[in-house]
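A.B. asks: From first to last, the protein sequence lines stand for chains Z and A. Counting in this note's numbering, the first sequence runs from 0 upward without gaps. Counting in this note's numbering, the second sequence runs from 35 upward without gaps.
Hints may contain errors.
[As the list claims (entries may be wrong)] With a cut-off of at most 20 Å between alpha-carbon atoms, the simulated EDC-like pairs for lysine to aspartate or glutamate come out as follows:
id	chain 1	residue 1	chain 2	residue 2
1	A	Lys138	Z	Asp29
2	Z	Lys30	A	Asp132
3	Z	Lys30	A	Glu49
4	Z	Lys56	A	Asp35
5	A	Lys102	Z	Asp58
6	A	Lys133	Z	Asp58
7	Z	Lys56	A	Asp132
8	Z	Lys56	Z	Asp29
9	A	Lys133	Z	Glu78
10	Z	Lys56	A	Asp131
11	A	Lys39	Z	Glu55
12	A	Lys138	Z	Asp94
13	Z	Lys16	Z	Glu55
14	A	Lys39	Z	Asp29
15	A	Lys138	Z	Glu78
[To be verified] Listing some non-contacts, in silico: residues in chain Z with all C-beta distances to chain A over 12 Å:
id	residue
16	Ile12
17	Thr64
18	Thr76
19	His84
20	Asn100
21	Gly107
Hint data in this document are derived by calculation from the structure and do not stem from the laboratory. In this text, a Cβ means the ideal position worked out from N, Cα and C, and glycines have one as well.
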Amino acid sequence: EADIYQTPRYLVIGTGKKITLECSQTMGHDKMYWYQQDPGMELHLIHYSYGVNSTEKGDLSSESTVSRIRTEHFPLTLESARPSHTSQYLCASSDRGSWANVLTFGAGSRLTVL
Amino acid sequence: DQQVKQNSPSLSVQEGRISILNCDYTNSMFDYFLWYKKYPAEGPTFLISISSIKDKNEDGRFTVFLNKSAKHLSLHIVPSQPGDSAVYFCAASAPRDDKIIFGKGTRLHILP
């Protein structure tokens, strides 16, 4: 029943490595989002997309980049990971036609940079 | 500056009693409010929402109340059950804005 998938769920890597967090959804949603969350803190929007070839930066500045080549796929990339990037990254999607803008979230990717 | 505030980091409630989670907001443009529930190692899941044209919305054991003049909303869970133990996030959005603004969450513990 899970309609939005994130991989990897957990990742521990060394400083300077390039990483890509994958996010795919099967609901045909136009809008997709990446949020970053630290324990006990709010979810911060770092990237979003209205559809194919559309990407926007969110409210929280992030060194990551995203791409939207296909409707169902919204990967997030860090070219050179640093310990400050350690966090949980949550992908979400919603239907453009949904006035309520209710988000469906993936299970998250927890990144630890040593 | 936080636009959505959940001032109680945690709350403990006896099983069977009422749980009340509070949320305040500062942006008067917000017109739609949502509550999400999050278990450990999972993403948040949508629980209930309310439009600014209403002051109450009920879904089973869950009721959300909105006080626009006070810029305050609350989520009532009655009766509380062990499976309700989770982190609850309050969220809000403004018209024609695709961004959803989240609070820091309140961790609810239901005690046996």
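A.B. asks: Run every hint past the structure and note whether it holds.
C.D. replies: To see whether the hints hold, each was checked on the structure:
Among the hinted pairs, lysine 138/A with aspartate 29/Z is inconsistent with the structure: their alpha-carbon atoms are about 27 Å apart, more than 20 Å. Distance check on the hinted pair: lysine 30/Z and aspartate 132/A sit about 9 Å apart at the alpha-carbon level, within 20 Å; holds. Distance hint between lysine 30/Z and glutamate 49/A is unfulfilled; the C-alpha atoms sit about 39 Å from each other, more than 20 Å. Distance check on the hinted pair: lysine 56/Z and aspartate 35/A sit about 18 Å apart at the alpha-carbon level, within 20 Å; holds.
Proximity of lysine 102/A to aspartate 58/Z is assessed by CA-CA distance (about 25 Å); at most 20 Å being required, the pair is judged violated. At most 20 Å may separate the alpha-carbon atoms for a hinted pair to count; lysine 133/A and aspartate 58/Z meet this at roughly 9 Å. Pair hint lysine 56/Z plus aspartate 132/A holds up; C-alpha atoms about 12 Å apart against a cutoff of 20 Å. This hinted pair checks out: lysine 56/Z and aspartate 29/Z have alpha carbons roughly 16 Å apart, not beyond 20 Å.
As the CA atoms of lysine 133/A and glutamate 78/Z are separated by approximately 26 Å, the hinted pair breaks the 20 Å bound. Among the hinted pairs, lysine 56/Z with aspartate 131/A is consistent with the structure: their alpha-carbon atoms are about 14 Å apart, no more than 20 Å. Restraint check for lysine 39/A and glutamate 55/Z: not satisfied, since their Cα atoms lie roughly 25 Å apart, outside the 20 Å limit. Between lysine 138/A and aspartate 94/Z, the direct Cα distance comes to roughly 25 Å. Violation of the 20 Å bound is thereby established for this hinted pair.
Taken as a hint, the lysine 16/Z and glutamate 55/Z pair is broken in the structure, with Cα atoms around 24 Å apart against an allowance of 20 Å. For the given pair, lysine 39/A sits about 29 Å from aspartate 29/Z by alpha-carbon distance, which is inconsistent with the 20 Å threshold. For the hint pairing lysine 138/A with glutamate 78/Z, the CA-to-CA distance comes to about 29 Å; that exceeds 20 Å, so the pair is violated. With a minimum CB-CB distance of about 19 Å to chain A, isoleucine 12/Z clears the 12 Å threshold, and the non-interface call stands.
Listed as outside the interface, threonine 64/Z is consistent with that label: its C-beta sits roughly 19 Å from the nearest C-beta of chain A, beyond the 12 Å cut-off. Residue placement check: threonine 76/Z keeps its beta carbon more than 12 Å from all beta carbons of chain A (closest about 20 Å). For histidine 84/Z, the condition that its CB be more than 12 Å from all CB atoms of chain A holds, with the nearest at approximately 19 Å. A beta-carbon of chain A is positioned within 12 Å of the beta-carbon of asparagine 100/Z; the least distance is around 6 Å.
The claim that glycine 107/Z lies off the interface is violated: its Cβ sits roughly 5 Å from the closest Cβ of chain A, which falls inside the 12 Å cut-off.
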